[in-house]
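Numbering (the working numbering), first residue to last: 1 to 203.
Among these hints, one or two may not hold up.
Claimed, not checked - Taking lysine-lysine and the PhoX-like style, the derived pairs with C-alpha atoms no more than 25 Å apart in a straight line are:
#1 K109 <-> K45
#2 K186 <-> K50
#3 K68 <-> K91
#4 K63 <-> K40
#5 K91 <-> K104
Unchecked claim - Taking CB as the label site, the calculated pair distances span:
#6 L111 <-> G89: 22 to 32 Å
#7 T115 <-> Q36: 16 to 26 Å
#8 E81 <-> A35: 18 to 28 Å
#9 D198 <-> K103: 14 to 24 Å
#10 P164 <-> R141: 11 to 21 Å
#11 Q36 <-> K104: 35 to 45 Å
#12 D143 <-> G39: 38 to 48 Å
#13 T102 <-> D47: 39 to 49 Å
Hint data in this document are derived by calculation from the structure and do not stem from the laboratory.
Values in this document were obtained by computation on a predicted structure and should not be read as measured data.
Ideal Cβ positions, reconstructed from N, Cα and C, are used throughout, including at glycine.
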Amino acid sequence: MKYVLYVLLLAVVVVAVAGLWHLYRVSFVNKREMAQYAGKSAEVKKDLGKVLVVYYSLTGHTKEIADKIQTMTNADIFGLETAEPFPTGAKLHLTVKNQLKTKKYPALKQLPDLTGYDVVFVGAPVWWYTAATPVLSFLERADFQGAKVAFFSTQGSNRGTFLPDVTSLTKNAEILPDASFNNMGKEYDAAVNAKIADWINGL
Numbered sequence: 001m002k003y004v005l006y007v008l009l010l011a012v013v014v015v016a017v018a019g020l021w022h023l024y025r026v027s028f029v030n031k032r033e034m035a036q037y038a039g040k041s042a043e044v045k046k047d048l049g050k051v052l053v054v055y056y057s058l059t060g061h062t063k064e065i066a067d068k069i070q071t072m073t074n075a076d077i078f079g080l081e082t083a084e085p086f087p088t089g090a091k092l093h094l095t096v097k098n099q100l101k102t103k104k105y106p107a108l109k110q111l112p113d114l115t116g117y118d119v120v121f122v123g124a125p126v127w128w129y130t131a132a133t134p135v136l137s138f139l140e141r142a143d144f145q146g147a148k149v150a151f152f153s154t155q156g157s158n159r160g161t162f163l164p165d166v167t168s169l170t171k172n173a174e175i176l177p178d179a180s181f182n183n184m185g186k187e188y189d190a191a192v193n194a195k196i197a198d199w200i201n202g203l
């Protein structure tokens, strides 16, 4: 009995240490990346023409990035909504995993009108190392009508196969360079703004 308790305690300690190491590593990577944007301008100088930002956000982080892009490019913006709300807690993870496994993505309340846009930004959080299923659902149905498309992701640390997954579903579009944004604290807001501006100016 004592041996079993010892093994269980050791397992808990190993998991805890691994979790702390992951958090430390992510924090280090974020600090190193954002350092290169410290003090840089967040001004967008490039004229992209008529711009639309399409995004899905469950927790609000992707919306924050989408709002920043909208402001910097004077774009229209469209937040995707599912026809039925996602469950919470463990059921959410099981639901998403099943959607990805079966490739039966959730129905959406409405699709944006993509007519007449020169550039469309499409943003999604990363779920199970790919794009959130509402965005995959949108891409299955969307015809970009020759527009240029720039993807952006938000994630804890690893975006997995986000980019090949979204580009493989994109129809009638020229794919522009993408960007990714780790979840990080408000102390990095200025650097994040500079990163977004640097990305847009390079498109």
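- Could you check the hint for me, namely that T115 and Q36 are 16 to 26 Å apart, CB to CB? 38 Å, violated
- Restraint check for K63 with K40, where alpha carbons must lie at most 25 Å apart: Roughly 23 Å between the alpha carbons, so the hint for K63 and K40 holds.
- Query: Does 14 to 24 Å hold as the CB distance between D198 and K103, or does it fail?
  - Reply: About 35 Å separates the Cβ atoms of D198 and K103, which means 14 to 24 Å is violated.
- Honestly, do D143 and G39 meet the 38 to 48 Å range at C-beta? 42 Å, holds
- Can the restraint linking K109 and K45 be considered satisfied, given a maximum Cα separation of 25 Å? 35 Å, violated
- Using the Cβ atoms, figure out if E81 sits within 18 to 28 Å of A35. 37 Å, violated
- Using the C-beta atoms of P164 and R141, is the stated range 11 to 21 Å upheld? Holds - the Cβ-Cβ distance for P164 and R141, about 19 Å, lies within 11 to 21 Å.
- Query: Are the Cα atoms of K68 and K91 separated by 25 Å or less?
  - Reply: 31 Å, violated
- Message: Checking one constraint from the list: CA of K186 to CA of K50, max 25 Å. Satisfied?
- Response: 30 Å, violated
- Message: Given a hint of 35 to 45 Å, does the C-beta separation of Q36 and K104 actually sit inside it?
- Response: 41 Å, holds
- Query: Is 39 to 49 Å right for how far apart the beta carbons of T102 and D47 are?
  - Reply: Hint holds: Cβ distance 43 Å, inside 39 to 49 Å.
- Query: Is K91 close enough to K104, meaning Cα to Cα at most 25 Å?
  - Reply: 17 Å, holds
Checked against the numbered hints above, the structure breaks hints 1, 2, 3, 7, 8 and 9 and satisfies the rest.
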